[in-house]
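Same order as they appear, the protein sequences are chains Y and X.
Heads up: the first sequence runs through residues 334 to 498, numbered per my numbering.
Heads up: the second sequence runs through residues 2 to 125, numbered per my numbering.
It is worth saying that the hints were derived from the structure and are not from the lab.
Worth double-checking, as some hints may not be accurate.
Stated by the list, open to error - No farther apart than 16 Å at their CA atoms in a straight line, the calculated lysine to aspartate or glutamate pairs in the EDC-like style are these:
{"hint": "1", "chain 1": "Y", "residue 1": "Lys407", "chain 2": "Y", "residue 2": "Asp459"}
{"hint": "2", "chain 1": "X", "residue 1": "Lys41", "chain 2": "X", "residue 2": "Asp62"}
{"hint": "3", "chain 1": "X", "residue 1": "Lys49", "chain 2": "Y", "residue 2": "Glu362"}
{"hint": "4", "chain 1": "X", "residue 1": "Lys123", "chain 2": "X", "residue 2": "Asp62"}
{"hint": "5", "chain 1": "X", "residue 1": "Lys123", "chain 2": "Y", "residue 2": "Glu492"}
{"hint": "6", "chain 1": "Y", "residue 1": "Lys407", "chain 2": "Y", "residue 2": "Asp475"}
{"hint": "7", "chain 1": "X", "residue 1": "Lys125", "chain 2": "X", "residue 2": "Asp60"}
{"hint": "8", "chain 1": "X", "residue 1": "Lys123", "chain 2": "Y", "residue 2": "Asp404"}
{"hint": "9", "chain 1": "X", "residue 1": "Lys125", "chain 2": "X", "residue 2": "Glu84"}
{"hint": "10", "chain 1": "X", "residue 1": "Lys125", "chain 2": "Y", "residue 2": "Asp370"}
{"hint": "11", "chain 1": "X", "residue 1": "Lys123", "chain 2": "X", "residue 2": "Asp50"}
{"hint": "12", "chain 1": "X", "residue 1": "Lys123", "chain 2": "X", "residue 2": "Glu78"}
Quick caveat, the model's predicted, so the values are computed rather than measured.
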Amino acid sequence: MFKKLMATAIAFIAFGAQAADIPIIGQVESKCVVTQDRQGVYGNPSASVLSTDAVDGGVEPVVRIDVVLADAYKAVITHPSSFSQSPALSDVVAWTGSTSVEAVSDAGMSAYDTSKIEYDYTTEIDLTIAGSTWFKISSEADYGYQKALPGGTYTAVVEANCIAL
Amino acid sequence: MRFVMLLLGCLLSAEIHAHQWTPTYPTMEQSFVPGVYQTKMYLWNSRKDVSYYTFEVFDKDFVAVPFATGERTARVEYLKKKEVVIYIREQELPDVVYICSRSQILQQDNTATLLSSRICSKIK
Numbered sequence: 334m335f336k337k338l339m340a341t342a343i344a345f346i347a348f349g350a351q352a353a354d355i356p357i358i359g360q361v362e363s364k365c366v367v368t369q370d371r372q373g374v375y376g377n378p379s380a381s382v383l384s385t386d387a388v389d390g391g392v393e394p395v396v397r398i399d400v401v402l403a404d405a406y407k408a409v410i411t412h413p414s415s416f417s418q419s420p421a422l423s424d425v426v427a428w429t430g431s432t433s434v435e436a437v438s439d440a441g442m443s444a445y446d447t448s449k450i451e452y453d454y455t456t457e458i459d460l461t462i463a464g465s466t467w468f469k470i471s472s473e474a475d476y477g478y479q480k481a482l483p484g485g486t487y488t489a490v491v492e493a494n495c496i497a498l
Numbered sequence: 002m003r004f005v006m007l008l009l010g011c012l013l014s015a016e017i018h019a020h021q022w023t024p025t026y027p028t029m030e031q032s033f034v035p036g037v038y039q040t041k042m043y044l045w046n047s048r049k050d051v052s053y054y055t056f057e058v059f060d061k062d063f064v065a066v067p068f069a070t071g072e073r074t075a076r077v078e079y080l081k082k083k084e085v086v087i088y089i090r091e092q093e094l095p096d097v098v099y100i101c102s103r104s105q106i107l108q109q110d111n112t113a114t115l116l117s118s119r120i121c122s123k124i125k
C-alpha cells in the first residue's frame, strides 16, 4: 500500500516537472554594424600615381554595413583626400575616387547605386532595406605634374559613417 | 606583382573587423546629479586592428556639443563590449541629436588605405 502511494506521489511530482516552461527570450533591436571586409592597398603603376585599382596593382577596400531595421540609418562614406602618413611632399596631390555597391544581401539594394548622393569626396546612401551591403571604394592619388613620388610608406583613410535617421 | 598585391589583400581580409554602437535611439534620463542627464551606450569591438574609440556628441548640424563621460577615448579590447555613460547638462539637452563613437587607427607600415568607422545614434 505504502509503495503504491509513493509511486503515485512520484508520478505526480514528475508530471509537475514536465509541465514547467523554460522561456528563451530574444530581442531584435535596431543597430548598425560597420565591418572592414577588405583592407585596401595602393599599387604604384607609374612614378607619380598611387591607385587602388586592380589594373594598377592595387586592392580596393571593401566596407560592409549591416542594418537590422530598414530606414533607420544612412551610410556616409568618404574616400581619401589626403595622406594620413607619407614622406614629405613638395607638390600638390590630385585625389580622385568613388564609392559603389559591390554586393548586396537583398536584390532591392542594387538601387543604392542609382539613389546615392555624391558631393566632394563623400557618398551618402539611405539604407532603406534591412540587411548587408558591401561598398567598394576606389582611390587614386596623382602627384604634381607627372612628378615622381618620394620613396616611403603612404597611408590614407577611408571614413565609413553609419548615421541614425 | 599584381598577384602578390591581390594575395596580400585577401590575407588582410581573412579576419572580420566590425564596430557596433547601440542603442540606435537612446533616451536621456535624469542622472544622480541635479541638472545633468545621462544615457548608457554600448560599444562592441570586433575590429582586431582597432583598440581605441573616441566618443562624440553633436547637434543636428554635426557641431560638437559639450558633454562628459568617463573617458573621451577608451581602450576596448578585441571582442569586448564596453558600457559608455554620456552625461549632458540640462541647458545643452535640447541641442543634442547625435551620440557617436569613432575608431582610432594606429600608424601602419604598408602603403594602404585604412578604415575609420563612425556610428552615430540619434536622440529623437
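Non-conforming hints, listed in increasing numerical order: The structure breaks hints 2, 3, 5, 6, 9, 10, 11, 12; every other hint is satisfied.
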